[in-house]
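Can you make the complete structure from the sequences, with help from the hints?
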Amino acid sequence: MILAAFSCIFQSDVKALAAYSSITHIRFVICSLLFISISGKTASLLLMLAHGYTSTLIFYFIGEFYSVANTRIVYYFNSFINSRKSLRLFWNFGSMLGMILVIQVFTGFCMALYYVADRSLAFDSVQYIIYETNYG
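Read in full-length UniProt numbering, the sequence shown has 105 at position 105, and its numbers run on one by one without any break.
Hints in this document: simulated from the structure, not taken from any laboratory.
Keep in mind it's a predicted model, so treat the numbers as computed, not measured.
Beta carbons: idealized from backbone N, C-alpha and C, even for Gly.
Each pair of labels, with its calculated beta carbon distance range:
(1) I9 to T56: 15 to 25 Å
(2) I23 to Y66: 16 to 26 Å
(3) N70 to F35: 36 to 46 Å
(4) V68 to S37: 42 to 52 Å
The structure is reproduced here in structure tokens:
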């Protein structure tokens, strides 16, 4: 499990990166099933559901990127994501950290509605915070 996670660091191909991260997710499912309890089975079920939704979305975006740019190199993928606001937002929701960001976006949106006079600017401010958090 740790070896597959470390191999993700050195990947230059986005599809291989997604595949190795999928292997790591499934290994976490197997490890949670080793705990013979209700909480272990519940955790494995939640991990399988999260993996099913996120990996499908991630592989879809990789395919869309390949059809546009004809390359799967991580460097070009990063610049492709940064150039499109809506795609960046969907990529964040598709990643595992993006699942946690859904709660942060909702609370950030509610806070922005409280502080911003124009309601249409509230979502843009939350999107800016997510961008600055992820890409610094």
